[in-house]
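So the chains spell out like this:
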Amino acid sequence: DAKTTQPTSMDCAEGRAANLPCNHSTISGNEYVYWYRQIHSQGPQYIIHGLKNNETNEMASLIITEDRKSSTLILPHATLRDTAVYYCIVRVGGAETSGSRLTFGEGTQLTVNP
Amino acid sequence: DGGITQSPKYLFRKEGQNVTLSCEQNLNHDAMYWYRQDPGQGLRLIYYSQIVNDFQKGDIAEGYSVSREKKESFPLTVTSAQKNPTAFYLCASTSVAHEQFFGPGTRLTVL
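From first to last, the protein sequence lines are chains H and F.
Residues 1 to 114 in this note's numbering are what the first sequence lists, from first letter to last.
Residues 1 to 111 in this note's numbering are what the second sequence lists, from first letter to last.
Simulated from the structure, these hints should not be mistaken for laboratory data.
Note that CB positions come from ideal geometry on N, CA and C, so glycine has one too.
Incorrect hints may appear among the rest.
[Stated by the list, open to error] Residues of chain F clear of chain H, computed beta-carbon distances all greater than 12 angstroms:
| # | residue |
| --- | --- |
| 1 | P8 |
| 2 | T20 |
| 3 | L43 |
| 4 | G58 |
| 5 | D59 |
| 6 | G63 |
| 7 | S73 |
| 8 | A81 |
[Said to hold, decoys possible] Here are the simulated DSSO-like pairs of lysine-lysine, each with C-alpha atoms no more than 30 angstroms apart in a straight line:
| # | chain 1 | residue 1 | chain 2 | residue 2 |
| --- | --- | --- | --- | --- |
| 9 | H | K3 | F | K83 |
| 10 | F | K9 | F | K70 |
| 11 | H | K3 | H | K52 |
| 12 | H | K69 | H | K52 |
| 13 | F | K83 | F | K9 |
| 14 | F | K70 | H | K3 |
Model the full assembly from the supplied sequences, consistent with the hints where possible.
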């Protein structure tokens, strides 16, 4: 699985958009970008994933560059409850991955300030 | 409600004792995983299982053992051979879909 690079920490004002970057310059053509977050002392929670196109769900948007070497997770209106560690993970996705592993780095600690 | 349960939430053991952490899922997922997390660190994979009666070592399997006798259950035993067992342990499961579901975790402290 490709390695990812994320900033150690970021701050965001409540109500503003939080943009979390991730570099994955060695990503392969069949690897997806996944985002998870972990609120303190809880299990990680899936947020979103994408292959090439930008994706949006009720939690966030994922913007992937055309060369797929980097991506940005966007929380459009951050709240205090979004304070968490955010993990960007790259791995092969789809049916062939049943049983395959996620490799977690240290992630980005996002702190949303009132 | 469908999900993953881990018990107990907090566990204390004396040095030299084996201890077993429970993980149960009712999501009908084939694959299950155990991760370890130390303070300020990411998750590290201990063991994983893709089907019943089969499992593979992850990155830090030494001092741990698992079994997968039922699809719903994947218990982890922390043995006395694990030199630094105090940590937060997370269980997860997944189907052929993309999302991996995590349990609430068990915090193990060795006294």
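Consistency of the hints with the structure:
no. : hint          : verdict
1   : P8            : holds, 14 angstroms
2   : T20           : holds, 19 angstroms
3   : L43           : violated, 4 angstroms
4   : G58           : violated, 7 angstroms
5   : D59           : violated, 9 angstroms
6   : G63           : holds, 19 angstroms
7   : S73           : holds, 16 angstroms
8   : A81           : holds, 23 angstroms
9   : K3/H x K83/F  : holds, 28 angstroms
10  : K9/F x K70/F  : holds, 22 angstroms
11  : K3/H x K52/H  : holds, 17 angstroms
12  : K69/H x K52/H : holds, 10 angstroms
13  : K83/F x K9/F  : holds, 21 angstroms
14  : K70/F x K3/H  : violated, 34 angstroms
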